[in-house]
Amino acid sequence: MADKSQVCSVWVGSETGILKGVSLSKKQAFNFCEMSCLSRDQEVCVLGWGDEHETEVLVGSVNGTVKTFSTEKGIFTETRQCGESTQGRFTGIAVTDSALITCVETGLLRVWKEGSTDTVEINAGTNVCRMRQNPSQRNQVATGGKENGLKVWDLERPETPIFTSKNVRNDWLDMRVPEWVRDMSFIPDSDKIVTCTGHHQVRVYDPASPQRRPVLEAHFGEYPLTALSLPANQDSVVVGNTHGELAILDLRKGLVRGCLKGLAGGVRGLQCHPSLPLVATCGLDRFLRVHSLEDRSLQHKVYLKSRLNCVLLSSKDLELSGSAVTGDVEEVKEEGGEVDEVWDTMEMINDQAKKRATDEEEAVVPGVEKTTKKRKVVK
Amino acid sequence: MDVVEEHDIQDKPTKKKTKKPKKQPKPPHENGNDSMIEKTEPEHVDAPAEFSFPPTFSVSEIKNKQRRHLMFMKLKQEKRKKKKKERDALGDKAPPKEVPKTIENQRVYDETTVNPEDEEVAFDEGTDEFSAYFNRLTNPKVLITTSDRPRGRTVRFCNQLATVIPDAHVYYRRGLALKKVIPQCIARGFTYLMVINEDRKVPNGMVLCHLPDGPTAHFKVSSVRLRKEMKRRGKDPTEHSPEVILNNFTTRLGHSMGRLFAALFPHDPQFVGRQVATFHNQRDFIFFRFHRYIFKNEKRVGIQELGPRFTLKLRSLQKGTFDSKFGEYEWVLKVSSVLFLIYYQIHVKCCTSKRYAISP
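Listed in order, the protein sequences are those of chains A and B.
Following our numbering, the numbering of the first sequence begins with 1 at its first residue and continues without gaps.
Following our numbering, the numbering of the second sequence begins with 1001 at its first residue and continues without gaps.
Treat the hints as calculated values from the structure; they're not laboratory data.
Among the clues, some could well be false.
Selected chain A positions facing chain B (Cβ under 10 Å, derived; list incomplete) [to be verified]:
| # | residue |
| --- | --- |
| 1 | S14 |
| 2 | E15 |
| 3 | N31 |
| 4 | G198 |
| 5 | K261 |
| 6 | G266 |
| 7 | R286 |
| 8 | K301 |
| 9 | Y303 |
| 10 | L304 |
| 11 | K305 |
| 12 | R307 |
Cβ coordinates follow ideal geometry from the N, Cα and C atoms, glycine included.
Excised from the complex, chain B in its bound form:
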């Protein structure tokens, strides 16, 4: 008797998978005894109910992972339907929908976020090192070089960057000191010096120095994808000046960085070329993408990714031209707190996992 009942209970999940009507004929089919027929009848009555599990049964007790997963999915669907019904029943009086918590909306408000109407910041930006570019007094001219003896990947990256940035010239480094290169660049009218640093045949750093007397930013470069490695890419970029999109550069430091990137490109984009360079800042990482767009009709746009893609993370912003030893830093990434957090999280995870292992 007990065996039969358990058999029925265990069969019920599988029966849910297969067609439901089959369930009803099954119990009388298995039990041929007359004495059993009486018991099957109450089960027959119970069968349409489908949920006659013992009260302490929970989904997590099913040992089979597939069946457990299916049972859980069913449970969640039922809960969602029930909740929706209740919400519809309440109608207007329903409580407002809760907004899910994300990292972005849980963040502490940064007090250095720039208010667009702030006079002091506007004056600061109107008279800083980039004011010559933003007042249309100078046109950008970029010198791209690398660290000494670059390998193939870095060289190709520099060449591709030169096609993306108009009026960019690539020069071989030949072991020259940057402090001696800078006065020569200024004399020849360059406005930017970009040095791609290489480590183990892969570009991993960038120093971007605004030339007359401007700030020097040092970035960590990661995830470099050259044109060959891009999927579904379009033809090579043309000589037209691209449009520039700068996303999420909201804080005061972000504003400085945004102006630094904007001043790399000529003032007026040539819309004929339909090319756009995007610098998207999210969680302190700056993602660079280069696309060509085409408007299919007023509402739909098609984009093709051309050109290299890479991510940047700011390591330091130094006031003045490149001088890592004696220069004054406006912002420095202090790594110690980040490392502490990482170690703390690892430590906490170890402790909690030990606790689970010990308890029976």
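Chain A on its own, in the form it takes in the complex:
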């Protein structure tokens, strides 16, 4: 079990309560659960990393329990009861400094400190759809929901949010525009937050600017957008809707850059890889798909027999790509060595002055790399 979980690079939570680990390099999927005690109220709502080094996966279920799964040991190490099923499903889970932050649909945001039973509670309104943590400032979280605009909270000041968004102006019929925030994400290296709504809008908010209304608004499709993720390079965002349409939108002008094809069911979970141009999606059609963002092609497709609720990508490279890269580097070095032998013979015959310079270089820097430097100098 331990070796199986150590290989997995993608973690998926399903509606049947099973945590699935997928190893894309080995093209295998593993179920991590106790088959005897499966039930629908253990349906996985949220997945999150338990720590910085991504050795623990936090699994939040419908019945209010948060289980900790250790990727190194391959077993569930801890179970905590963080609320009851009457309070609603989990909509977000995060970890700061040994404290667990959970948010449920009824708007109750709680910070569970390790060791003590009392919790810091924040009421984030009703009908919260999603809660996300700021990756750069760990004590800031954002919440949003149906008729509940984007609010950014600082956990050290739980009374009022540090940023409350304002709804856009009335439309051309002078009617109030309904708002329904489905998912949000903090843009790194800035204060901005990008949200996707159930009314197929993508909005960017800037708390630093004096206006509380969205700074940018873009539309995509006709169906509610359910998930959103930011790729490694800036200025774009990947969104998915209930019809299985995935699009990459450009945040500079708000135009659609391209669509990713293949999904047949609604997108429930979407995550971009932190460094590679890859995006993993899971949805109601029971498949996990990994697309490449550069050429928008499907790289991997894995059939996992239950409907999937959430996906979690690890930051480590997929092993295939890793080994390929090292192979290329070695070949380059060898080629450099052979060519440099030819250069050596040539230089010795032609120029004595250049030879002296190269000899000095050789003396100073040992190893193969110096030969590549030598070639550049000669040229």
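Once you've looked at the hints, dock chain B against the given chain A.
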């Protein structure tokens, strides 16, 4: 001389049609000259051989379509006989018979095909929205309605469907919104809502919604044949619950659809009624037929088709009750790839036909 020879060659196909013995007397009959008799004699000798065509002759050079067809049939028969002889001669050492390629056996294996022993799928199905029906906790009760202001054909189709499905009630739509109809149906204990959509006086769509919180399937309906249009049909169906046959619902999506159809009918069929409803899935089209059967003896069965017949094609399967705007879809038919294939095939055909026109 040349004229005579060609005449003979051209006559030979027709001679094959008529009786063979006539061929031999014919050449001396046509050529009265003594000088010709010498030539006819070698032809006379050649006549029994029958195949003295010039070596470059092929069946496709005969201009007359009927004669060409006959020659080709003869050729094929000869080839088949020859092959059979060779096969029999080899006996046991003959290579095994080749299986012909069909669309069904050339298909790529679908990885979502359900394995009957799969625990996870069994658990999923044991606790999904249909589990109440399959655990015998509820009995089906179907509400059949149409889109607004239906025309005669659709109304008759709905009435016939109500006779086929036990405990089905037909209600006139009167322009009501489905989202408001659904809570009322749930309150009155209905388990299914079936809406037949009509376009240009013909039913062309169906929305089948499983009621408490179940999936909603949207189908395209085609080839509807009402009872009047059925040939050799039996008398009207009785009130007995029919048996249900579900064919080829093998993939995971197929399983969901199969359960959707099965839950329309009561759990226990009344075999006294000898009626059977068949849902046959082939190439993503679901064919519905309703028959009455009778066993003549142990091996022979007679069937009579009653009832309406129609074909369905799934367009989308939505999780939850009918909500086309904000609902989450489990499966959506994406038409773009199909259209691309069609256009590509047309494009290829045009290109190839142009090539044939240009070359002399």
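Status of the hint placing N31 (chain A) at chain B (closest C-beta pair under 10 Å): It holds, given that the least Cβ distance between N31 (chain A) and chain B is near 7 Å, below 10 Å.
message: Less than 10 Å between beta-carbons is the criterion; does K301 (chain A) satisfy it with respect to chain B?
response: holds, 9 Å
message: Quick check on K305 (chain A) please, does its C-beta sit within 10 Å of some C-beta on chain B?
response: Holds. Min distance 5 Å.
Interface hint for Y303 (chain A), Cβ within 10 Å of any Cβ on chain B: holds, 5 Å
Status of the hint placing R307 (chain A) at chain B (closest C-beta pair under 10 Å): Holds. Min distance 7 Å.
- prompt: Close enough to count: is the Cβ of R286 (chain A) nearer than 10 Å to one in chain B?
  reply: Status holds, d = 6 Å.
- prompt: Taking 10 Å as the limit, does the beta-carbon of G266 (chain A) come near enough to a beta-carbon in chain B?
  reply: Holds: closest Cβ of chain B sits about 4 Å from G266 (chain A), inside 10 Å.
task: Return the status of the interface hint for K261 (chain A): holds when the least beta-carbon distance to chain B is below 10 Å, violated otherwise.
output: This hint holds: K261 (chain A) lies near chain B, its Cβ roughly 8 Å from the closest one there, short of 10 Å.
task: Verify the interface restraint on S14 (chain A): the C-beta must sit less than 10 Å from at least one C-beta of chain B.
output: holds, 9 Å
- request: With a cut-off of 10 Å on the beta carbons, see whether L304 (chain A) makes it to chain B.
  value: holds, 9 Å
- request: May I ask you to test the interface hint for E15 (chain A) with respect to chain B, counting a Cβ-Cβ separation under 10 Å as satisfied?
  value: holds, 8 Å
- request: Using Cβ atoms only, decide whether G198 (chain A) comes closer than 10 Å to chain B, and label the hint accordingly.
  value: Holds. Min distance 7 Å.
Of the numbered hints listed earlier, not one is contradicted by the structure.
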